[in-house]
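Participant: From first to last, the protein sequence lines are chains A and B. For the first sequence, this note's numbering gives the first residue as 1, with consecutive numbering after it. For the second sequence, this note's numbering gives the first residue as 412, with consecutive numbering after it.
A portion of the hints provided could be inaccurate.
To be verified - Pairs of lysine to any residue residues, derived as SDA-like cross-links and limited to a Cα-Cα distance of at most 20 Å, are as follows: (1) A:Lys396 <-> B:Val506; (2) A:Lys396 <-> B:Glu574; (3) A:Lys396 <-> B:Glu519; (4) A:Lys396 <-> B:Glu631; (5) A:Lys164 <-> B:Ala517; (6) B:Lys622 <-> A:Glu397; (7) A:Lys164 <-> B:Glu519; (8) A:Lys164 <-> A:Val394; (9) A:Lys175 <-> A:Glu220; (10) A:Lys396 <-> B:His550; (11) A:Lys396 <-> B:Asp576; (12) B:Lys677 <-> B:Pro712; (13) A:Lys175 <-> B:Gly518; (14) A:Lys175 <-> B:Pro712; (15) A:Lys396 <-> B:Thr549; (16) A:Lys396 <-> B:Ala517; (17) A:Lys164 <-> B:Gly518; (18) B:Lys458 <-> A:Ala203; (19) A:Lys396 <-> B:Pro619; (20) B:Lys622 <-> B:Pro712; (21) A:Lys396 <-> B:Gly518; (22) A:Lys175 <-> B:Thr549; (23) A:Lys396 <-> B:Val551; (24) A:Lys396 <-> B:Ile618; (25) A:Lys164 <-> A:Tyr177; (26) A:Lys396 <-> B:Gly485; (27) B:Lys740 <-> B:Tyr719; (28) A:Lys396 <-> B:Lys622; (29) A:Lys175 <-> B:Ile618; (30) A:Lys396 <-> A:Gly165; (31) A:Lys366 <-> A:His356.
Claimed, not checked - Computed from the model, here is a short list of chain B residues facing chain A with C-beta under 8 Å: (32) Asp503; (33) Leu653; (34) Thr690.
Since the hints were made in silico from the structure, they are not lab data. From a predicted model like this one, the values you see are computed outputs, not experimental measurements. Glycine included, each C-beta is placed from N, C-alpha and C at the ideal position.
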Amino acid sequence: MSPSRSNALSLHVPAPRARPGDKPDFSGWSFPAPGATPRPNVDASGVELRDYAYGLIRVLDMDGAALGPWAPHLSPELMRMGLQYMLLTRAFDERMHRAQRQGKTSFYMQCLGEEAIAVAQALALNRDDMCFPSYRQQGLLITREYPLVDMMNQIYSNAADPLKGRQLPIMYSSKQYGFFTISGNLATQVPQAVGWAMASAYAGDVRIAATWLGEGSTAEGDFHSAMTFASVYRAPVLINVVNNQWAISSFQGIAGGEQTTFAARAVGYGIPPLRVDGNDFLAVYAVTQWAIERARSNLGPTLIEHFSYRSGPHSTSDDPSRYRPADEGRSWPLGDPIERLKRHLIVLGEWSEEQHQTSQEEAAEKVRAAGREAERIGTLSDTAHPRESMFDDVYKELPWHLRAQREEQGR
Amino acid sequence: MTSMTMIQALNSALDNMMARDPNVMTFGEDVGYFGGVFRVTEHLQEKYGARRCFDAPINEGGIAGAAIGMAVYGLRPVVEVQFADYMYPAYDQLVSEAARIRYRSAGEFTVPLTVRMPYGGGIYGGQTHSQSPEALFTHVAGLKTVIPSTPYDAKGLLISAIEDDDPVIFLEPKRIYNGPFDGRRDRPVSPWSKHGASEVPDQHYRIPLGKAKLVRQGAEVTILAYGTMVHVALAAAEESGLDAEVIDLRTLVPVDIETIVASVNKTGRCVIVHEATRTSGYGAELAALVQEHCFYRLEAPIERVTGYDTPYPHALEWEYFPTPPRLIKAMRRVMEAA
Numbered sequence: 001m002s003p004s005r006s007n008a009l010s011l012h013v014p015a016p017r018a019r020p021g022d023k024p025d026f027s028g029w030s031f032p033a034p035g036a037t038p039r040p041n042v043d044a045s046g047v048e049l050r051d052y053a054y055g056l057i058r059v060l061d062m063d064g065a066a067l068g069p070w071a072p073h074l075s076p077e078l079m080r081m082g083l084q085y086m087l088l089t090r091a092f093d094e095r096m097h098r099a100q101r102q103g104k105t106s107f108y109m110q111c112l113g114e115e116a117i118a119v120a121q122a123l124a125l126n127r128d129d130m131c132f133p134s135y136r137q138q139g140l141l142i143t144r145e146y147p148l149v150d151m152m153n154q155i156y157s158n159a160a161d162p163l164k165g166r167q168l169p170i171m172y173s174s175k176q177y178g179f180f181t182i183s184g185n186l187a188t189q190v191p192q193a194v195g196w197a198m199a200s201a202y203a204g205d206v207r208i209a210a211t212w213l214g215e216g217s218t219a220e221g222d223f224h225s226a227m228t229f230a231s232v233y234r235a236p237v238l239i240n241v242v243n244n245q246w247a248i249s250s251f252q253g254i255a256g257g258e259q260t261t262f263a264a265r266a267v268g269y270g271i272p273p274l275r276v277d278g279n280d281f282l283a284v285y286a287v288t289q290w291a292i293e294r295a296r297s298n299l300g301p302t303l304i305e306h307f308s309y310r311s312g313p314h315s316t317s318d319d320p321s322r323y324r325p326a327d328e329g330r331s332w333p334l335g336d337p338i339e340r341l342k343r344h345l346i347v348l349g350e351w352s353e354e355q356h357q358t359s360q361e362e363a364a365e366k367v368r369a370a371g372r373e374a375e376r377i378g379t380l381s382d383t384a385h386p387r388e389s390m391f392d393d394v395y396k397e398l399p400w401h402l403r404a405q406r407e408e409q410g411r
Numbered sequence: 412m413t414s415m416t417m418i419q420a421l422n423s424a425l426d427n428m429m430a431r432d433p434n435v436m437t438f439g440e441d442v443g444y445f446g447g448v449f450r451v452t453e454h455l456q457e458k459y460g461a462r463r464c465f466d467a468p469i470n471e472g473g474i475a476g477a478a479i480g481m482a483v484y485g486l487r488p489v490v491e492v493q494f495a496d497y498m499y500p501a502y503d504q505l506v507s508e509a510a511r512i513r514y515r516s517a518g519e520f521t522v523p524l525t526v527r528m529p530y531g532g533g534i535y536g537g538q539t540h541s542q543s544p545e546a547l548f549t550h551v552a553g554l555k556t557v558i559p560s561t562p563y564d565a566k567g568l569l570i571s572a573i574e575d576d577d578p579v580i581f582l583e584p585k586r587i588y589n590g591p592f593d594g595r596r597d598r599p600v601s602p603w604s605k606h607g608a609s610e611v612p613d614q615h616y617r618i619p620l621g622k623a624k625l626v627r628q629g630a631e632v633t634i635l636a637y638g639t640m641v642h643v644a645l646a647a648a649e650e651s652g653l654d655a656e657v658i659d660l661r662t663l664v665p666v667d668i669e670t671i672v673a674s675v676n677k678t679g680r681c682v683i684v685h686e687a688t689r690t691s692g693y694g695a696e697l698a699a700l701v702q703e704h705c706f707y708r709l710e711a712p713i714e715r716v717t718g719y720d721t722p723y724p725h726a727l728e729w730e731y732f733p734t735p736p737r738l739i740k741a742m743r744r745v746m747e748a749a
């Protein structure tokens with residue numbers, strides 16, 4: 001070690017601009033104006049689209065107007081539905097976060113601030129398209145009308161838990177709702193989604209796959225394996241990178257976001273790289289629609305980077321005030337997805353403060369009712385799964401050694 | 412019946428299954444047009460088209476991950492990892508995903524996947540073309556691990572693996588792809604055509620998973636073996652002059668405990684042989700099972716003859732590889748004990 005040498009190398013370790021106690025700092029960030037980004041044809045080549053990796057597709061301005069060629073011209077009914085599912089997702093998160101604090105379960109993860117992504121995408125996808133989510137896409141299940149009480153039963157690991165108490169809370173799974181079992185090992189679902197999409201194409205099916213991962217886990221090899229396979233075999237899949245700026249305590253620079261964008265990862269694979277304002281419900285919907293049309297036309301995968309902000313903690317085990325400014329989320333330059341869609345609907349004359357208030361109360365009441373029902377069945381502390389059930393579903397049939405262990409355990 | 416090498420028998424299994432079931436397909440590095448570096452998938456692309464037999468990027472994690480997604484969809488993919496030594500990038504997908512998807516989804520999602528991997532030494536393959544990683548799979552709840560030792564078994568077991576609704580790791584002892592090898596490299600190589608178990612039906616048949624095969628009856632000592640070591644064990648049994656019983660396990664998980672216990676209870680002595688490194692190897696599991704089930708019938712401590720706890724040494728391959736003389740020494744030790 002001789003730091004005095006004039007030609008000494010120095011190691012660069014990325015650091016965020018603001019830490020606890022600092023003022024949130026988004027200076028130097030510039031975004032294209034809402035409506036300013038052209039909408040390409042869905043059959044454009046990946047190479048032609050590379051500039052999209054460095055821009056940001058926006059539709060809604062901060063005053064609630066929908067602008068430009070990406071505006072999806074959704075019916076007011078569909079937009080109200082989207083708003084209501086976002087409100088329901090937020091209400092669900094609020095209650096379950098609190099339930100964990102009350103000791104009713106061990107763990108919870110909110111998607112506060114990211115609701116537009118899963119909700120808009122669930123509405124854009126067909127009901128039977130297959131989702132391979134990460135752990136912050138509860139909005140998919142809620143929008144597909146999966147029973148809230150079953151989500152809670154899973155979170156409480158109670159007697160009615162569809163997953164028989166085997167999984168960490170929020171690691172939902174539902175074949176019927178096209179929602180693949182969530183893994184705690186990050187990015188493993190991405191090559192699986194690509195494989196599922198390849199199989200759908202192999203079988204001459206019409207269903208496509210969609211998968212989600214955080215910007216942090218794009219650093220995993222599995223993400224790059226998935227991109228290679230998706231590109232090589234033109235898999236009909238949407239690969240969604242939810243860039244919420246924070247992977248637990250690591251800002252997005254630690255995942256490689258300091259030098260380029262996450263959408264730009266797609267450029268090297270020749271995959272269309274669409275970068276979208278993830279807090280803009282209409283832009284997310286429009287970009288998803290574009291990628292869906294491309295996939296259904298047998299033109300292959302799209303990578304979508306949803307530029308957003310994780311307004312809550314990573315999980316109930318996390319305290320973000322230890323590593324980022326407390327008001328960073330409130331200062332997020334692209335606002336809150338619910339507020340922005342609400343404003344748009346009000347500007348259109350299709351919504352009002354009163355309706356919003358009512359809708360919020362209805363969402364809270366739905367969640368309360370589901371909560372009462374789930375808690376009647378039980379919470380984690382009084383969970384009652386037959387102990388022998390732990391040996392089920394390891395294999396299709398119970399082999400002799402597990403039968404012996406089950407007997408030993410019951411003695 | 413046709414006389415087949417193990418490669419031809421495996422190819423025949425894939426051919427039968429692809430003909431019977433449109434959901435069976437195969438891919439891996441060099442697997443498509445070329446037919447695989449060991450030729451196991453030869454002519455399959457020609458016969459079934461590139462859609463059902465194709466080349467994969469050099470990315471074992473991607474091969475495993477994509478195959479899992481395909482299996483979840485409802486296909487029955489059979490993927491090749493070119494050498495078992497290359498499987499480590501796929502390990503997370505196999506251990507954390509394939510093995511647990513049925514469990515963590517409470518039975519809703521399943522992974523009827525077969526992962527074929529040539530494994531084992533004796534081919535001057537050095538550290539990265541010789542390993543025997545079976546214990547890394549047998550330790551994982553939710554996986555089945557299968558290792559054939561003859562062309563006849565290879566075909567029947569591979570068909571059962573493909574038809575199985577759980578993920579199966581199918582390890583192929585590449586030293587005996589083209590002929591049985593008894594560890595005596597100083598003797599002329601014998602082709603499969605001179606071996607009874609090379610008579611393989613052209614049509615579909617199954618050998619059930621979880622069933623061992625008694626390949627040599629004896630009364631004095633039981634040798635537990637699988638893969639190439641079955642042939643080493645048979646040679647050792649002949650040369651030792653001992654009345655040794657040899658069991659070919661064929662499936663390591665779930666293992667055929669009944670056949671093992673019946674034999675060791677009869678002989679009272681047990682020698683376990685595998686190529687893999689010793690510490691925490693599959694032999695340790697076998698030794699534990701034998702003592703749990705046969706302790707009061709044992710006449711001598713259980714012996715293990717294995718690869719040493721070193722990386723696979725290229726130039727010293729034959730010092731490392733378990734050969735009949737090493738096995739015979741162990742057999743004599745258990746005979747002399749007590």
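Participant: Each of the hints needs a verdict: does it hold here or not?
Facilitator: Status of the hints after comparison with the structure:
1. A:Lys396 <-> B:Val506: holds, 17 Å
2. A:Lys396 <-> B:Glu574: holds, 12 Å
3. A:Lys396 <-> B:Glu519: holds, 11 Å
4. A:Lys396 <-> B:Glu631: violated, 38 Å
5. A:Lys164 <-> B:Ala517: Holds: lysine 164 of chain A and alanine 517 of chain B sit about 7 Å apart, inside 20 Å.
6. B:Lys622 <-> A:Glu397: Holds, at about 15 Å.
7. A:Lys164 <-> B:Glu519: holds, 12 Å
8. A:Lys164 <-> A:Val394: holds, 13 Å
9. A:Lys175 <-> A:Glu220: violated, 26 Å
10. A:Lys396 <-> B:His550: holds, 18 Å
11. A:Lys396 <-> B:Asp576: Holds, at about 7 Å.
12. B:Lys677 <-> B:Pro712: holds, 15 Å
13. A:Lys175 <-> B:Gly518: Roughly 10 Å separates the two Cα atoms, so the pair holds.
14. A:Lys175 <-> B:Pro712: violated, 51 Å
15. A:Lys396 <-> B:Thr549: holds, 17 Å
16. A:Lys396 <-> B:Ala517: holds, 11 Å
17. A:Lys164 <-> B:Gly518: Between lysine 164 of chain A and glycine 518 of chain B the Cα gap is close to 10 Å, so the pair holds against 20 Å.
18. B:Lys458 <-> A:Ala203: Satisfied, since the Cα-Cα distance of roughly 18 Å is no more than 20 Å.
19. A:Lys396 <-> B:Pro619: holds, 15 Å
20. B:Lys622 <-> B:Pro712: violated, 26 Å
21. A:Lys396 <-> B:Gly518: holds, 8 Å
22. A:Lys175 <-> B:Thr549: violated, 29 Å
23. A:Lys396 <-> B:Val551: holds, 15 Å
24. A:Lys396 <-> B:Ile618: Measuring from Cα to Cα gives roughly 18 Å; hence the hint holds.
25. A:Lys164 <-> A:Tyr177: At roughly 18 Å apart (the allowed maximum being 20 Å), tyrosine 177 of chain A and lysine 164 of chain A satisfy the hint.
26. A:Lys396 <-> B:Gly485: Within the cut-off at roughly 15 Å; holds.
27. B:Lys740 <-> B:Tyr719: Roughly 16 Å between the alpha carbons, so the hint for lysine 740 of chain B and tyrosine 719 of chain B holds.
28. A:Lys396 <-> B:Lys622: Answer holds: lysine 396 of chain A to lysine 622 of chain B is near 17 Å, not above 20 Å.
29. A:Lys175 <-> B:Ile618: violated, 32 Å
30. A:Lys396 <-> A:Gly165: holds, 18 Å
31. A:Lys366 <-> A:His356: holds, 15 Å
32. Asp503: holds, 6 Å
33. Leu653: Constraint on leucine 653 of chain B not satisfied, violated at 30 Å.
34. Thr690: violated, 22 Å
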